[in-house]
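Just so you know, we're using the working numbering here: the sequence shown kicks off at 214 and counts up by one.
Calculated directly from the structure, the hints in this document are not laboratory data. Treat the hints loosely; a few may be bogus.
[Stated by the list, open to error] Here are the simulated distance ranges between beta carbons:
| no. | residue 1 | residue 2 | range |
| --- | --- | --- | --- |
| 1 | Tyr231 | Thr276 | 39 to 45 Å |
| 2 | Val216 | Gln305 | 22 to 28 Å |
| 3 | Cys226 | Arg310 | 32 to 38 Å |
| 4 | Ala223 | Ser253 | 17 to 23 Å |
| 5 | Leu278 | Thr215 | 34 to 40 Å |
| 6 | Asp314 | Leu249 | 32 to 38 Å |
| 7 | Lys286 | Gly233 | 21 to 27 Å |
| 8 | Lys286 | Ala229 | 37 to 43 Å |
| 9 | Tyr231 | Ser297 | 25 to 31 Å |
| 10 | Asp314 | Lys286 | 32 to 38 Å |
| 11 | Pro232 | Gly280 | 43 to 49 Å |
Don't be surprised by glycine CBs; every beta carbon is placed ideally from N, CA and C.
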Amino acid sequence: RTVGNIEELAAECKSAGYPGTLIPYRCDLSSEEDILSMFSAVRSQHSGVDICINNAGLARPDTLLSGSTSGWKDMFNVNVLGLSICAREAYQSMKERKVDDGHIININSATKYAV
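Kindly produce the complete structure, drawing on both the sequences and the hints.
So this is what it looks like as structure tokens:
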């Protein structure tokens, strides 16, 4: 979850001789500007994205009947919009470069739902 941990994993992968490049990049998924900046950096440094793993999400303990609108907006902005923007940008990157074997992986969790 932290850039430092992912940097360590990237170094381990490189020293083990795995092909490809793991790029840690800090990004606020509730901010379209941050997401677009991240994809722009990847395009300029590495020509584009071949694999995108969307593995972030928020869960608030609020129920439907007592939850706050701002909490719901936070979850929606990260869990739905952030994921969708990342998927769109990854797809566009692959399409522009005619990558036909790319992957977009969305990892979600089903937490307790209460009304």
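Taking the hints in turn, this is what the structure says about them:
For the pair Tyr231 and Thr276, the supplied restraint of 39 to 45 Å holds, since their beta-carbon distance comes to about 44 Å. Here the CB-CB span from Val216 to Gln305 is close to 25 Å, well matched to the stated 22 to 28 Å. At roughly 23 Å, the beta carbons of Cys226 and Arg310 sit outside the given window of 32 to 38 Å. For Ala223 and Ser253, the hinted distance range of 17 to 23 Å is satisfied, since their beta carbons lie about 20 Å from each other.
A hinted range of 34 to 40 Å holds for the C-beta pair Leu278 and Thr215, which are about 35 Å apart. With their beta carbons about 25 Å apart, Asp314 and Leu249 fall outside the hinted range of 32 to 38 Å. A hinted range of 21 to 27 Å is violated for the C-beta pair Lys286 and Gly233, which are about 36 Å apart. A C-beta distance of roughly 42 Å is found between Lys286 and Ala229, which places it inside the suggested range of 37 to 43 Å.
Take Tyr231 and Ser297: their Cβ atoms lie about 29 Å apart, and the range 25 to 31 Å holds. At roughly 37 Å, the beta-carbon separation of Asp314 and Lys286 lies within the given 32 to 38 Å, and the hint holds. At roughly 45 Å, the beta carbons of Pro232 and Gly280 sit within the given window of 43 to 49 Å.
Violated hints, listed in ascending order, are 3, 6, 7; each of the other numbered hints is respected by the structure.
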